[in-house]
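Q: Protein chains in written order, with this note's numbering: chain A, 186 to 455; chain B, -7 to 281.
Calculated directly from the structure, the hints in this document are not laboratory data.
Only a predicted model underlies this, so the values are computations on that prediction, with no experimental measurement involved.
Mixed in with the good hints there might be a few duds.
[Said to hold, decoys possible] Once the Cα atoms are required to be at most 20 Å apart in a straight line, the calculated EDC-like pairs of lysine to aspartate or glutamate come out as: (1) LYS278/B with ASP314/A; (2) LYS189/B with ASP174/B; (3) LYS61/B with GLU142/B; (4) LYS29/B with ASP174/B; (5) LYS29/B with ASP288/A; (6) LYS61/B with ASP174/B.
[Said to hold, decoys possible] To give an idea of the interface, some chain A residues facing chain B are shown, with a C-beta separation under 7 Å as derived from the structure: (7) LEU187; (8) PHE284; (9) GLN303; (10) TYR355; (11) ALA359; (12) HIS361; (13) ILE364; (14) GLU422; (15) MET430; (16) PRO432; (17) MET433; (18) PHE437; (19) TYR439; (20) ALA440; (21) VAL448; (22) GLY452.
[As the list claims (entries may be wrong)] Derived list of chain A stretches under chain B, where covered just means 3 residues or more per stretch with a C-beta under 8 Å from a C-beta of chain B: (23) 189 to 200; (24) 243 to 253; (25) 318 to 331; (26) 386 to 399.
Quick reminder that beta carbons are idealized off the backbone N, C-alpha and C, glycines included.
Chain residues, written in single-letter form:
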Amino acid sequence: MLLPVIISFTNSLMTEREIGLNYDLIGQMTNAAAGGKDAFVNLKLIPDWVSLEQYYAVLIATPNYLNMFWNSVYMVALIIAGQVIVGALAAYAFAKLRFRGRDRMFFVYLLAMLMPFQVTLVPNYIVADYLGLLNRASAIILPGVFGAFGVFMLRQFMLSIPNAYVEAAYMDGAGHFRIFHRIIIPLIKPGFAALVVLLFVDYWNMVEQPLVFLEDDFKQPLSVYLSVVQQEARGVEFAASVFYMLPMVLLFLYAEKYFIEGVQMSGIKG
Amino acid sequence: MFRKIMRRHSVVAIWFLAPSVLGFLVFYLIPFAMGVKYSFMDRPNDGSFVGLANYKALLHSESFRKAAKNTFLFTLGGVPITIALSLSLALLLNQSIYLRNWLRTAYVMPLVVPVASVVLIWQVLFDWNGAVNSWLHGLGVSRTDWMKSEWARGVLAVVYAWKNIGYDIILFLAGLQHIPRDYYETADLEGAGSLHKLTRITLVYLTPTLFFVVLMGLISSFRIFRETYLIAGDYPHDSIYMLQHYMNNMFLSLDMQKLTSAAAVMVVCMLVLVSGMFALERRFTKDLD
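Next comes chain A alone, as it looks inside the complex (with noise of 0.2 Å):
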């Protein structure tokens, strides 16, 4: 399970030379027929030379990594914070209140939640054109914001909370805001933690928005980037993916008690 991230760590402190001694075979067909002989990529962990050339390369000699990082960073932060803030007020509805359509609604939130980003391709281009947003950060940031996800996963933590407290609450003349955030908000913070691991996991990793909406190169996550520059320069992937893995594993590592805990209440209550 954890061998693709060992196999990351340990070759990004390869030399450059190394890496293309290794890995040159990728992409030919070297068959018999055409000349070649049996030969293989060469999967190596341990280093001959421990070196930091690829950060060197990655980090210092060329700038657009840490711009783009930086476009990643604030992009996914802004996200994760709207959505959080925007689903938890819909979920308390969803869970704790009762009103007429409320399950059929939850139920196109559902769906919305389990589509594709390309299912609403082209209309969210036209509505990003005509609101101004085309090439600008918030036609990503702000589909981001509204998205299903956080309404559905935190509706499923309210749902664990027994509607006696709140209407305990409410006997004693709380009102729902008061409700919502004193009592529900401090319960509910596994599923935060939940919530924004797989939030960040999923907004890290976007490729096909940031593709579709942003013209410029420079305004590009380090998603994107990265996924172009597999093609072209071998020797500073691995260090460029490490360098992209360590946010989420850090983060990871820093919640994962929280997070387990969080995700482990969402599948309990259906």
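With chain A held as given, fit chain B onto it using these hints.
A: Quick look at chain B alone, frame taken from chain A:
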């Protein structure tokens, strides 16, 4: 009394829902409705109504049928296999406490490893000259071109399972720990075999968890497109050409009619699928409480 509560709730609900519903309308529902409208026209701008012509053309399109079949097959195969695998692992982990937390972390880790970071590894492993072929060669088995043959589907399933197994395991472990011990004790007293206990107690009480796992599995099975796209590009091997490839390529070739009607078809399919799941879940959990 109930009426009054309803009305009071409705007013409050509007405030709680307003931000979400407004954004949802602008960025999801209205775009989707526009898409459906386009799917009945011959051009997006000042087109005329052509009825089901676009849908007919879509269903006759070779590449759409291929894409739909692949997406369907992948979801139908990959999701259940991953779920079965993670359920078995969860049952195992539920038994032995030894190394459990450590193993759990190792299983969940792939979930947080960014797609683009590991694409390279998949290439190194499954290329014609890749490491897997090299290992096979060592065992005297002739090499396979994994990504450019029917095997590509299998490779994709492996990638999907690798990524999602940990998440499902956590969910199942939680579900398992919520089944009251005495059910098993009673079953033991009545002399029930372990297979009986598995099907009559464990699986029945895992239904709500299973439902959630399937939903999450569906979402992530559509996400596998990213991996496919990054490994194999716009036109991968036939067996892994997905609906999203089709839609992307229609977008690039500016064929909005096919794209929007494909989207509508997909939504209808999901509607049927999810409604079916809800109906099934209700039947299974009816006698739980």
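Q: For every hint, state whether the structure bears it out.
A: Results for each hint:
Taking the CA atoms of LYS278/B and ASP314/A, the gap is about 48 Å. The hint is violated against a cut of 20 Å. As the CA atoms of LYS189/B and ASP174/B are separated by approximately 12 Å, the hinted pair is consistent with the 20 Å bound. Distance check on the hinted pair: LYS61/B and GLU142/B sit about 14 Å apart at the alpha-carbon level, within 20 Å; holds. With a CA separation close to 57 Å, the supplied pair LYS29/B and ASP174/B exceeds the 20 Å bound.
This hinted pair does not check out: LYS29/B and ASP288/A have alpha carbons roughly 26 Å apart, beyond 20 Å. A C-alpha spacing of about 46 Å is found between LYS61/B and ASP174/B, which places the hinted pair above 20 Å, so the restraint is violated. Interface restraint check: LEU187/A against chain B, minimum CB-CB distance 6 Å, threshold 7 Å, status holds. Look at PHE284/A: its Cβ gets to within about 4 Å of chain B, closer than 7 Å, so that hint holds up.
Of the supplied interface hints, the one on GLN303/A holds, with its beta-carbon coming within about 4 Å of a beta-carbon of chain B, less than 7 Å. Interface hint status for TYR355/A: violated, as the beta-carbon distance to the closest one in chain B is roughly 10 Å, over 7 Å. Interface restraint check for ALA359/A: the shortest CB-CB distance to chain B comes to about 12 Å, outside 7 Å, so the restraint is violated. Below 7 Å, beta-carbon pairs count as interface contacts, and HIS361/A has one with chain B at about 5 Å; its hint therefore holds.
Hint on ILE364/A is violated. Least Cβ distance to chain B is approximately 10 Å, over the 7 Å limit. At about 5 Å, the closest approach between the beta carbon of GLU422/A and any beta carbon in chain B falls short of 7 Å, and the interface hint on this residue holds. The criterion of a C-beta within 7 Å of any C-beta in chain B is met by MET430/A, whose closest approach is roughly 5 Å, and the hint holds. Using the Cβ-Cβ criterion of 7 Å, the hint placing PRO432/A at the interface with chain B is not satisfied: the shortest such distance is roughly 9 Å.
Annotation: MET433/A was flagged as interfacial toward chain B, and the flag holds, the nearest CB pair being 5 Å apart, inside 7 Å. The beta carbon of PHE437/A comes within 4 Å of a beta carbon in chain B, closer than 7 Å, and the hint placing it at the interface holds. A least Cβ separation of about 11 Å between TYR439/A and chain B goes past the 7 Å threshold, and the interface hint is therefore violated. A least Cβ separation of about 10 Å between ALA440/A and chain B goes past the 7 Å threshold, and the interface hint is therefore violated.
Proximity of VAL448/A to chain B holds as hinted, the smallest CB-CB distance being about 5 Å (cut-off 7 Å). At about 4 Å, the closest approach between the beta carbon of GLY452/A and any beta carbon in chain B falls short of 7 Å, and the interface hint on this residue holds. Given as covered by chain B, the region 189 to 200 of chain A passes the check, having 4 residues with a CB less than 8 Å from a CB of that chain where 3 are the minimum. As drawn, the region 243 to 253 of chain A meets chain B at 0 residues by the rule of a beta-carbon pair under 8 Å; below three, the given contact is violated.
Three residues within the 8 Å Cβ limit are the bar, and the region 318 to 331 of chain A against chain B gives 4, so the coverage statement holds. With a cut-off of 8 Å between beta carbons, the region 386 to 399 of chain A has 7 residues touching chain B; three or more are needed, and the interface restraint holds.
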